[in-house]
Every structure is written in structure tokens, then in C-alpha cells.
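2 protein chains.
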Amino acid sequence: MENTVPDVKILSEFRAILGPKGYTDEVEMIAPWLTDWRGRFTGAAPALLSPANTDEVAAVVKLAAKHRISLVPQGGNSGMVAGATPDKSGEQVILSLRRMNKITVMDAEDGLICCDAGVILQNLHEAAAAVGRRFPLTLGGKGSATVGGLISTNAGGTQVLRHGTMRMLVAGLEAVLPDGSIYNAMAPLKKDNRGYDLKQLLIGAEGTVGIVTQAVLHTVPALIDRCVAWAGVESPAQAYDLLLFMQRHGRDRLEGFEILPQRALNAVTTHIAGTRPPLDTAHRWHALMEFVQDEPGQIPPNELATQLLEKAMHENLLGNATIASSDAQAEAFWKIRDSIAEAERAAGPALQHDISVPVSAMARFIEDESPVIESTYPGTKTLAFGHLGDGNIHFHVKAPDGVDVTSWYAGDGKAITSHVYNRVRAYGGSLSAEHGIGQAKIDEFERLADPARLAALRAIKNALDPLGIMNPGKLVPLA
Amino acid sequence: MENTVPDVKILSEFRAILGPKGYTDEVEMIAPWLTDWRGRFTGAAPALLSPANTDEVAAVVKLAAKHRISLVPQGGNSGMVAGATPDKSGEQVILSLRRMNKITVMDAEDGLICCDAGVILQNLHEAAAAVGRRFPLTLGGKGSATVGGLISTNAGGTQVLRHGTMRMLVAGLEAVLPDGSIYNAMAPLKKDNRGYDLKQLLIGAEGTVGIVTQAVLHTVPALIDRCVAWAGVESPAQAYDLLLFMQRHGRDRLEGFEILPQRALNAVTTHIAGTRPPLDTAHRWHALMEFVQDEPGQIPPNELATQLLEKAMHENLLGNATIASSDAQAEAFWKIRDSIAEAERAAGPALQHDISVPVSAMARFIEDESPVIESTYPGTKTLAFGHLGDGNIHFHVKAPDGVDVTSWYAGDGKAITSHVYNRVRAYGGSLSAEHGIGQAKIDEFERLADPARLAALRAIKNALDPLGIMNPGKLVPLA
Chain A
1 MENTVPDVKI
11 LSEFRAILGP
21 KGYTDEVEMI
31 APWLTDWRGR
41 FTGAAPALLS
51 PANTDEVAAV
61 VKLAAKHRIS
71 LVPQGGNSGM
81 VAGATPDKSG
91 EQVILSLRRM
101 NKITVMDAED
111 GLICCDAGVI
121 LQNLHEAAAA
131 VGRRFPLTLG
141 GKGSATVGGL
151 ISTNAGGTQV
161 LRHGTMRMLV
171 AGLEAVLPDG
181 SIYNAMAPLK
191 KDNRGYDLKQ
201 LLIGAEGTVG
211 IVTQAVLHTV
221 PALIDRCVAW
231 AGVESPAQAY
241 DLLLFMQRHG
251 RDRLEGFEIL
261 PQRALNAVTT
271 HIAGTRPPLD
281 TAHRWHALME
291 FVQDEPGQIP
301 PNELATQLLE
311 KAMHENLLGN
321 ATIASSDAQA
331 EAFWKIRDSI
341 AEAERAAGPA
351 LQHDISVPVS
361 AMARFIEDES
371 PVIESTYPGT
381 KTLAFGHLGD
391 GNIHFHVKAP
401 DGVDVTSWYA
411 GDGKAITSHV
421 YNRVRAYGGS
431 LSAEHGIGQA
441 KIDEFERLAD
451 PARLAALRAI
461 KNALDPLGIM
471 NPGKLVPLA
Chain B
1 MENTVPDVKI
11 LSEFRAILGP
21 KGYTDEVEMI
31 APWLTDWRGR
41 FTGAAPALLS
51 PANTDEVAAV
61 VKLAAKHRIS
71 LVPQGGNSGM
81 VAGATPDKSG
91 EQVILSLRRM
101 NKITVMDAED
111 GLICCDAGVI
121 LQNLHEAAAA
131 VGRRFPLTLG
141 GKGSATVGGL
151 ISTNAGGTQV
161 LRHGTMRMLV
171 AGLEAVLPDG
181 SIYNAMAPLK
191 KDNRGYDLKQ
201 LLIGAEGTVG
211 IVTQAVLHTV
221 PALIDRCVAW
231 AGVESPAQAY
241 DLLLFMQRHG
251 RDRLEGFEIL
261 PQRALNAVTT
271 HIAGTRPPLD
281 TAHRWHALME
291 FVQDEPGQIP
301 PNELATQLLE
311 KAMHENLLGN
321 ATIASSDAQA
331 EAFWKIRDSI
341 AEAERAAGPA
351 LQHDISVPVS
361 AMARFIEDES
371 PVIESTYPGT
381 KTLAFGHLGD
391 GNIHFHVKAP
401 DGVDVTSWYA
411 GDGKAITSHV
421 YNRVRAYGGS
431 LSAEHGIGQA
441 KIDEFERLAD
451 PARLAALRAI
461 KNALDPLGIM
471 NPGKLVPLA
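Chains as they are written, first to last, in our numbering: chain A, 1 to 479; chain B, 1 to 479.
Only chain A is shown next, with the shape it has when bound in the complex (with noise of 0.2 angstroms):
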């Protein structure tokens, strides 16, 4: 079954539904959208589609399934394995859905915001905090990355440790199905047991059974204040052990807790301006954390920090540690955490692993098989850092120097990748911890995926989309 190259009539029935500004065949217009965050893939399109509402989606995907076009739902084309970027073929339409970009404050008392797909999260941000509440997910793109991406990815970042994954803050969504119904699950239900939660298969679903419109999400109260502490520690074990400790004593005051090798931080304060080493002492990995209050009465954050940290010193948790004394300082350390992708660039070129084991097993996964990947392909040299809290690691590894860039990706690039992978997943561990499966990673993903999993994602997929017009290519790889 092949799906059908969009002409100049069914093109102008497209625009028909969306008028002047929801329709674009302009070449210009389209360019911008054809390339992946990660400027590693670019397709083509004939056509950009931009719905002021969900009516509109719906017309729209009913449309292309009468006339089997495929379609790519896109927000702000900032994911990180290419799932919104159309293929090379020139047959899938982009549908935008930038201009859905209304919020609303449902009941500033219960928390609960109606953002359309479109709403960019920095908006959100913003929408929250005028009635003093905090949209707790956050991560780099948060001046482009939209609420519909960020529930189609599950997305992640820095203070899922707390608050969880995108997964945990949506109350109610509303998706158009493949065949241009509008599944609507806006009422924010605490509890609703009307069979398979719809809901859920939608969120990290990228677009592949349908396109999510709205969605009602959860908000947490404001921040009063924070502390951001950075320790210095010997080991990833040490590490851990250190972030029990923190969440035993510190419970859900500890919002974050990310690691770094030395090797990080010195890249970052070789490479980017401005930086240098919260610590004087020299240690071989690294530990920052950030310590919350969002609740009156409660102790300082800085007092906690203060206190758990000397109690972790004296029970040997860590080699040394600070506090910063400042939000200028606070920035400044999170500043090193969030530079170590541009440092590591500033470098040499490497191999980027976005990977999750069960927590209290990574530690032994960073251990054991950094030194193996660095002994059987000499000259490389691993990186791991990130959310040791939640058991997930951006495994970097740096191609030796002096290597041509393109035959190295190609030869032992892929082979390590292939190693990493399946170290990760004899761990129990998987390929794809928070960016998802996209096209970057569906091959990896076919090839590992537990038949029995894969199995049951096709057939959901079939049943669901049965026409292959969402988002073919991307997440289930298809036989």
C-alpha cells in the first residue's frame, strides 16, 4: 500500500479548510520546517499546514485520509530524533500546529491550565506564574518546544526527579484520530476507569494515532525559594549513594540532582566563556543539586542544603561541596551543567546516547562499560552525565582525534552505538530514556525491541492508523 503524492487539486483543497493563513505551498515558507533540531535529517513538503482550531485539524485529517495523504504534525521542530521532520520522498504534508496557541486558566485554585497544542512552554511558564503557580517541566527548548510536542515526546528534563515526566502533569487532552474524529478526555479526572486509557497511549505517542490539539495540564505552587549546592564526589557509586542520602533526609525538597565527570567540567571551563569550577578541590566526579521550598513555614532551602550536606561530609557521601550564595552563583552552576553538549562540540565531534537503566544499576553501568568502550576503541573517550536521579544518563562518547568525521561515524561510530545499546538493554535499560524513538533511533529500536513488544506496537499502530497516514517512519517501524 503506497500513499498518494498530494496534487495541485487535492493541495487546493487543503487550503479550502484553512484560508490564506493556515495554508503555504511557498518554498521559502516550508524551508525553515524541512530540518531537524539536530540539523541531521532534512525531507521535503509540498505543503504547510497551520489549523486555527481543532475543527480544522479534524477537517484536515479527514481529509488527507480520503486521499491517503500523510501527514506530519509539527510544533515547535525541536525534538531531538527528527519525529516532526517530513521524509525525502515530498509526498507528507506538514501540519503545523503553531498557531493553536491559546491558554487558559481553568481554576487558578485546583492548578489546572487549558493550553492549546500550539502554546510554546516558555508561555506556559509565564501563564502559570501570573497566578502564582509553576509549570514544573522545563528544558533547553522551552523558547520553542510546544505543549502538543512535549506531550507527543513524554518529555523530560531536569525536574522529572520531582515531578515526573510529561506523562504526570497532563489531567486531560484532546487528540483528532487518524480518521478525523476528535477524541475528547478534557475533563481533568482524577480517576476514570472506562477501559484502556486512551490518554496515555496518546502521550509519547508522536503523532503516529493521532494529533493531540489541547490538553488541560497540572501546575505545582510557586517556588519561595531555592538553593543550588554542588558536591564533589569520587565515583558515580558514590554519587548515588550520596543522592539516597538526599532523598531519605530531604524528600521532596530535592528537586534535582545531576552528575558529571572531571572531563565535563573541565571541557566546559576550557570551552565556554565565563565558567569556572565551584570547587578547588580537585574530584573526580561531580554532583549538583537543587533544594526547593514551595511552601510556607518550611526551613530555608539553604539550611537544608546546609545541614544535609555537612551530615553527608561526615558520613563520607562526598569529598567536598558548596552552596551558591547567590542566584547570579545558582545560575552559574547550572550554567556548567547545561554547557557540557556545547563544550563537548567546541572539542571534537561524538556520539550522543540518551539512555535509561533502573536507577540503582546505573552507577555500575557508567562504571563497567566506559572502560570497556574506551579499551576496545582506543582513542575514544566516554561521557556520561545528567539525571542520575532518575536513572537517566547522556552517554557520550568522543570520536579519537585526528579521525575523518564521516568514515568514523559510519564504522566504529555505528559500532559503538550498536554496543551501547545493547549494553543498555542487557541492563534491562532503554535506547530511548526521554527524546524518543523518531526516525534517529528506529532502526536501533527494530533491531532491539522485544518481539513481543514490537509485535503488539504494530498492531496498535495497524488498528489505530490503518491507513499509515500519521507520521509514517516515525516510532513503530513497520515490517
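Hints may be right or wrong, so weigh each one.
Because identical chains share one entry, a pair is satisfied inside a single copy or across any pair of copies.
Claimed, not checked - Each computed SDA-like pair below joins lysine to any residue, with the alpha-carbon atoms no more than 25 angstroms apart: (1) 62 / 449; (2) 311 / 109; (3) 62 / 451; (4) 62 / 452; (5) 66 / 468; (6) 66 / 455; (7) 311 / 221; (8) 335 / 222; (9) 398 / 370; (10) 88 / 371; (11) 142 / 221; (12) 102 / 427.
Don't read these hints as lab results, they were simulated from the structure.
The hints should help you fit chain B onto chain A, whose structure is shown.
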């Protein structure tokens, strides 16, 4: 397509897989498992299969698929909607998970516990307590309800306000899919973005797309102390304001918030020996609250409750309040709440509706809908009580005194139930908040379900269980 009646030869193949301990076709051994908990549905089954482990479950399912034998998975047989009861055809075989009852504490520090599907909730509570932890979900049937059943019905209970339903407590899961393949997602990954979340699909699926065989469950720290408080209020609306106040100031120290009308209190103190009103003042409505401490150094729950109740009284959010002065008194307060159904039975026949609407709409629902029913059907009395904090009320309607019960159930009773569910739908709510659909609600579910949603559920059911052998007749109304 009709499924097969298992003949002697097929039954002997099941026996060969399971051995004498795992197989019976003796009428007296099967009889206790043919009627649902509420005694409203009785079926027939030619055999009761009791596998000892996942491999045996897989072999049973494979054999069932080969011969097209329908399987009815069953745990403690304590569900409320006859989801684990075979139909009357005599074609359906019961697959009991009760022999699979191992509990393994994986990592006390992580708080994760691994359970076979047949583990009884009470035993899970004890296993968690033995390592200084708590499994926070609890309900009346805890002495018989099993982990597999709790997952397959996404069970609720009185602690959902703080800890969520079963869905929130499952970290990992294993299931046998309808073709007999084993889906293993036991690794407790905090982040995993590899496509549709099958774990979420299996939770609440009532065994219609797979049989849950094992799970890894979250626990929470053991309680240090608790305080149970009782308040008299004017109305559900005032109770809702009180709830918001307690959530705002008590945060996650508030673990339960239940409401009941004076009529329910009267029924309990009249019909249940040893109960008496907690307050000596008269109130139209009552709220039962539980405050907990599970972190050292927190203000004791008694003190917290006293402060908050005084403040709430000062703000006119309640009429009068009292705090249980001993654990025995705390139990006495809870006994009132837990005896409502029993007291009501003693008072006469009634319809029971387990419904949810958005939390903020529940007070209005109760206040607007109750008088309509009582005036439309003279002599009926409504009784709304339960989990206000979850937007989940048990909305009962007592039959007029002296009616012929059988004909009332078939006539006005049926009309009233349809009316209640119609109104629930108008509020965007659910006709099954925590009990599920099973056999008991499948017709009303089909009548009221959003067609887009129903079509999706059918497509998923047919795709994953094309032979229709997994608990047929439950949850998903097939065309």
C-alpha cells in the same frame, strides 16, 4: 466467529501443562469462583486452571489460542463489576493467578517490591511494613484482592488523594499477551520513551488484552503518626472549600478526605452496632480527614490538624470539628465511613453508582442532581458519599419503601441509573471512577461512550486479541 467449547481432550492438554495442583474440573472446587463478589452474576466453567508461574501461564494461553478457548483471568474474585466471572455458556475457562504469590523486596532503599500477580494486598502491606515501608493503596477487600486484579482494574480506595490509583504505583510489569508471548517490562525505568506505553495499556484493561503475571511496585515511607479528624459542614460546596483549604495548607500531609451526608450517618448509627456520631451538634454534611506524618521532624499530625481546623473554623469553612483522641477513636471514625454500604443494605434496596466528575464540579453535581432524582421518582432517597478529593462519589439511590424490589430494579431503577449516567456524561465525568466496567456496566458504557473513543478501544482489542479469547464480554463492548 465463535469460540470453542473445551472438550475432554482439550481439558486434558491443560491438565498436562499444569499438573494436578494446577488443574481441576471438579464441580465443587470450581463453584466458589463462579459468582461475583456482589452476588449479581453467576457463570459456569468446565475447569479452573491455576498455573504456578509465568511460563505455565504462557503455555496455557498458547494452548487456548490454538484451540480458541476463552480464558477468564481471576485473582481474589473481589471485583465490583463481575469482571472476573465467566459467562453462563460453560465455554469459558477460569485462569486463577492465586497460586502465584511470591513477594520479593528488591531494594528496600529504593522502596521497590516485586510481586507475583496472585499476591494478596494484605500480604503486600505486611511485606512492605517488614522493611520499614508502606504500600499506600488499601481497600475493603484487602484480605482477598490480588496485585494482578488491582492492576487490571486500576484500583482506587481511600488513599488516592495523595498517592494516586494503582496506575501510579506500578514501576514495572510482566504480562502474557493473547498469543502466549511474554511481555517483560519489569525493569523499573523512571524514563522510557520507546513508543506506546504498553504497561499503561495493561493497567485497567481487565485482562482483555493480556494477563498480568508479575509487577514491581512503588512503596512509600512507613507512617510515623496519623490524625483522623471529623468536621460538620453545611453542604458539599462548603466541604469542597474545606478540602481546598486543607490541601493548600496541609499539602501532602492530607492523605484522605471523605464526605457523607447526615442521612448516611443516621443510617450507620441506626443499623451498625457500636457506632455513634463523632459530633454532638447537627450538620447537613460531614467530612472525614486523615492527616499523616511519615517524615521525622514534621509537626505532629494532631497538632497540624488542630491548627488547621481552628483556622478553617475561623474562616467559616466548617460548623464544628473534632479530632480522634486515640487510635481506637480514629478507627471508630473510619468505621462510620466504611459501614455506609452495609448500613444502607440494612435500610433497604438501593442502586449504586461509582462515578467521577472533575473535582471542582462534584459539589454542584450532588447539590443539583439529587433533588431532581428525588422529585422525579417520588419516594427515592439519594445518598452521595466518598472520595470528594478525587471527584469520585458513590452516588446511591434508595428505592421507595414498600416497592416490589425486582420490578423496581427493572423499571424505575434502570431509568434512574441511565439518568445518573446521562448527567455524569453531561459533566464530562465517568460512569466508572474506580470499579471498572466488567460485565456489570458494559451496556451503559456502550450506550454512553464517545463513538471516537469506543471505536479506538474496539480497534485495540481486536488488534491485540484477534481470536477474542481474553476475558470476552468484559470492558470493551464489541459490535
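Okay, the hints, checked on the actual structure:
For the homomeric pair residue 62 and residue 449, the shortest alpha-carbon distance between copies (21 angstroms) is at most 25 angstroms, but the shortest distance inside one copy (33 angstroms) is not. In this assembly of identical chains, the alpha carbons of residue 311 and residue 109 lie at most 25 angstroms apart only when taken from different copies (18 angstroms versus 38 angstroms within one copy). In this assembly of identical chains, residue 62 and residue 451 lie within 25 angstroms of each other by CA distance solely across copies; the values are 16 angstroms between and 33 angstroms within a copy. Only between protomers do residue 62 and residue 452 lie at most 25 angstroms apart by alpha-carbon distance; the minimum there is 13 angstroms, versus 32 angstroms within a single protomer.
Proximity of residue 66 to residue 468 under the C-alpha cut-off of 25 angstroms is restricted to the intra-copy arrangement: shortest distance 12 angstroms within a copy versus 30 angstroms between copies. For the identical chains of this complex, residue 66 and residue 455 are inter-copy neighbours only, at 18 angstroms across copies versus 27 angstroms inside a copy, given an alpha-carbon limit of 25 angstroms. When the C-alpha separation of residue 311 and residue 221 is checked against a cutoff of 25 angstroms, the pair qualifies only between copies, where the shortest distance is 21 angstroms, while the shortest distance within a copy is 29 angstroms. Taking the shortest Cα distances, residue 335 and residue 222 sit within 25 angstroms of each other inside one copy (22 angstroms), while across copies they are farther apart (38 angstroms).
When the C-alpha separation of residue 398 and residue 370 is checked against a cutoff of 25 angstroms, the pair qualifies only within one copy, where the shortest distance is 12 angstroms, while the shortest distance between copies is 68 angstroms. Taking CA atoms no more than 25 angstroms apart as the test, residue 88 paired with residue 371 passes in neither setting, with 39 angstroms inside one copy and 63 angstroms between copies. In this homomeric assembly, residue 142 and residue 221 come within 25 angstroms of each other (Cα to Cα) only inside a single copy, at 20 angstroms, whereas the closest approach across copies is 35 angstroms. For the identical chains of this complex, residue 102 and residue 427 are inter-copy neighbours only, at 23 angstroms across copies versus 43 angstroms inside a copy, given an alpha-carbon limit of 25 angstroms.
Checked against the numbered hints listed earlier, the structure breaks hint 10 alone; every other hint is satisfied.
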